[in-house]
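**Student:** So the chains spell out like this:
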Amino acid sequence: MSIYVDDLIFTGNDEVMLSDFKNSMLREFDMTDLGKMRFFLGIEVLQKSDGIYICQRKYALEVLRRFGMMESNSVGSPIVSEFKISRNEDGNTVDETYYKQLVGSLKYLTATRPDMMFVICLISRYMTRLIEIHLQAAKRALQYLKGTVNYRIHYKRGGEGELLAFTDNDYAGDMEDRKSTSSYVFLMGSSVVSWCSKKQPIVTLSTTEAEFVAAAVCACQGVWMKRILKELRHSDEGCTIIMCDNSSTIKLSKNPVLHGRSKHINVRFHFLRNLTKKGTVELIHCGSQDQIVDIMTKPLKLEMFQKLRKLLGVCEILP
Amino acid sequence: MNSEIKSIEKNKTWTFTELPAGTKKIRVKWVYKTKYDENGKIDKYKARLVAKGYSQKYGVDYTEVFALVARMDTVRMIIALAAHKNWMISQLDVKSAFSRIEAHFIGEGF
Numbered sequence: 001m002s003i004y005v006d007d008l009i010f011t012g013n014d015e016v017m018l019s020d021f022k023n024s025m026l027r028e029f030d031m032t033d034l035g036k037m038r039f040f041l042g043i044e045v046l047q048k049s050d051g052i053y054i055c056q057r058k059y060a061l062e063v064l065r066r067f068g069m070m071e072s073n074s075v076g077s078p079i080v081s082e083f084k085i086s087r088n089e090d091g092n093t094v095d096e097t098y099y100k101q102l103v104g105s106l107k108y109l110t111a112t113r114p115d116m117m118f119v120i121c122l123i124s125r126y127m128t129r130l131i132e133i134h135l136q137a138a139k140r141a142l143q144y145l146k147g148t149v150n151y152r153i154h155y156k157r158g159g160e161g162e163l164l165a166f167t168d169n170d171y172a173g174d175m176e177d178r179k180s181t182s183s184y185v186f187l188m189g190s191s192v193v194s195w196c197s198k199k200q201p202i203v204t205l206s207t208t209e210a211e212f213v214a215a216a217v218c219a220c221q222g223v224w225m226k227r228i229l230k231e232l233r234h235s236d237e238g239c240t241i242i243m244c245d246n247s248s249t250i251k252l253s254k255n256p257v258l259h260g261r262s263k264h265i266n267v268r269f270h271f272l273r274n275l276t277k278k279g280t281v282e283l284i285h286c287g288s289q290d291q292i293v294d295i296m297t298k299p300l301k302l303e304m305f306q307k308l309r310k311l312l313g314v315c316e317i318l319p
Numbered sequence: 001m002n003s004e005i006k007s008i009e010k011n012k013t014w015t016f017t018e019l020p021a022g023t024k025k026i027r028v029k030w031v032y033k034t035k036y037d038e039n040g041k042i043d044k045y046k047a048r049l050v051a052k053g054y055s056q057k058y059g060v061d062y063t064e065v066f067a068l069v070a071r072m073d074t075v076r077m078i079i080a081l082a083a084h085k086n087w088m089i090s091q092l093d094v095k096s097a098f099s100r101i102e103a104h105f106i107g108e109g110f
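As you go down the protein sequences, you meet chains Y and W in turn. Position 254 of the first sequence, counting from 1, maps to 254 under the numbering used here, and the rest follow consecutively. Position 53 of the second sequence, counting from 1, maps to 53 under the numbering used here, and the rest follow consecutively.
Hint data in this document are derived by calculation from the structure and do not stem from the laboratory. Honestly, I wouldn't trust all of these hints.
What the hints assert, rightly or not - Label-pair restraints from in silico Cβ distances:
no.	chain 1	residue 1	chain 2	residue 2	range
1	W	Lys85	Y	Lys301	21 to 31 Å
2	W	Met88	Y	Glu96	39 to 49 Å
3	W	Met88	Y	Ser248	39 to 49 Å
4	W	Arg71	Y	Lys156	20 to 30 Å
5	W	Lys85	Y	Gly287	30 to 40 Å
6	Y	Thr32	W	Arg71	17 to 27 Å
7	W	Arg71	Y	Leu61	21 to 31 Å
8	W	Asn86	Y	Leu205	28 to 38 Å
9	W	Lys85	Y	Leu61	27 to 37 Å
10	Y	Leu205	W	Met88	47 to 57 Å
11	W	Asn86	Y	Val94	44 to 54 Å
12	W	Arg71	Y	Glu82	26 to 36 Å
13	W	Arg71	Y	Lys301	25 to 35 Å
Glycine is no exception: its CB is placed at the ideal position from the N, C-alpha and C atoms.
Go ahead and model the full structure; you've got the sequences and the hints to work with.
**Tutor:** In structure tokens form, the structure reads like this:
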């Protein structure tokens, strides 16, 4: 059962227990029974025999209408590949309030759209001294949204319930302060349940260190998710496997050597190593081609973008 | 509006009390709102009685505010788990959620 102020959802395997619970809730509190979960916090939920689909179609259409993009042409990817923006560029300034409203409206969409996470995080870093290029990036995100309003995350019925994490970073991706973006994706079965794309709070000196910071963030989330799953009586005792494409990070997490280039990585280094030693998480190497989380770290080429989007479990279902 | 009053009465949210010394009254007001369902059709008309809380000051009139919210990650995890185990998810909605909060407001007419 999950409660969001006054809306609550519940699920379980025992029909009798569920209806007992419902009846006792209805008796105790003044509630309306909404039956099957369909609409929760602006998220549309479709429960079919082959799986559960979630999307924010109505919200997406509302955003498009609000910013006058209903008639625009749609594009295949939310961001041009190799696209870079920076803070101090010359160009015509744009209306800040409009831009902020646009970014704010897009942000809520990240609840069901992992494919748009990267671009939304990128444009929300810029809030002052805005020029046309920033607005163009935001507009492109809207154009992409226009073509993909029917895309949903598909949770397959009866699939595997294993948690699998992917972590990555773009080393020194920010052109100004040279901080990296760390990101992770958690798959449960074959669909994504949790994701994040966030600029790291510190400047790192090597890709290994940046990867370490990203992996530590990912491990924290993994520990938390395991705990929630345990609370939900989902027996999955094993360790969380984190896929990472940096082999020296993996070696460092297993083998406690402190050589010249890693001796300054202090707290995170030890935290991650601790978790690895206890067997809570395990870092496993994966090739750059299978690195799903790339969709959250860099602007990709169209084919790659579409391939990774499919791997996240995001697909188009017409209403 | 009538259903809100009924709900307030049913939940026994309100009692008449004396105004404690040194405190102010908070006025209340009715807010009307049309709720839409996921297809954009009019679902219900809603009336809500709100206290004009902005007239209060933190530390002076109240000290703690807390509302239970679920993280989006948790919601998605429940959905994924339900799909994995082949369960159905049901939903309930609490009528007039905020009138359950134990608030020592002293209202004045509407």
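**Student:** Taking the hints in turn, state whether each one holds.
**Tutor:** Checked hints:
1. W:Lys85 with Y:Lys301: 21 to 31 Å: violated, 38 Å
2. W:Met88 with Y:Glu96: 39 to 49 Å: About 46 Å separates the Cβ atoms of Met88 (chain W) and Glu96 (chain Y), which means 39 to 49 Å holds.
3. W:Met88 with Y:Ser248: 39 to 49 Å: holds, 47 Å
4. W:Arg71 with Y:Lys156: 20 to 30 Å: holds, 23 Å
5. W:Lys85 with Y:Gly287: 30 to 40 Å: Since Lys85 (chain W) and Gly287 (chain Y) have Cβ atoms about 32 Å apart, the given range 30 to 40 Å holds.
6. Y:Thr32 with W:Arg71: 17 to 27 Å: Given a distance of about 24 Å, which is inside 17 to 27 Å, the answer is holds.
7. W:Arg71 with Y:Leu61: 21 to 31 Å: Holds, at about 26 Å.
8. W:Asn86 with Y:Leu205: 28 to 38 Å: violated, 49 Å
9. W:Lys85 with Y:Leu61: 27 to 37 Å: Cβ of Lys85 (chain W) to Cβ of Leu61 (chain Y): about 32 Å, so the range 27 to 37 Å holds.
10. Y:Leu205 with W:Met88: 47 to 57 Å: holds, 51 Å
11. W:Asn86 with Y:Val94: 44 to 54 Å: holds, 50 Å
12. W:Arg71 with Y:Glu82: 26 to 36 Å: holds, 34 Å
13. W:Arg71 with Y:Lys301: 25 to 35 Å: Roughly 33 Å apart at Cβ, these two residues keep to the hinted range, so it holds.
In this structure, the earlier hints numbered 1 and 8 are contradicted, and the remaining ones agree with it.
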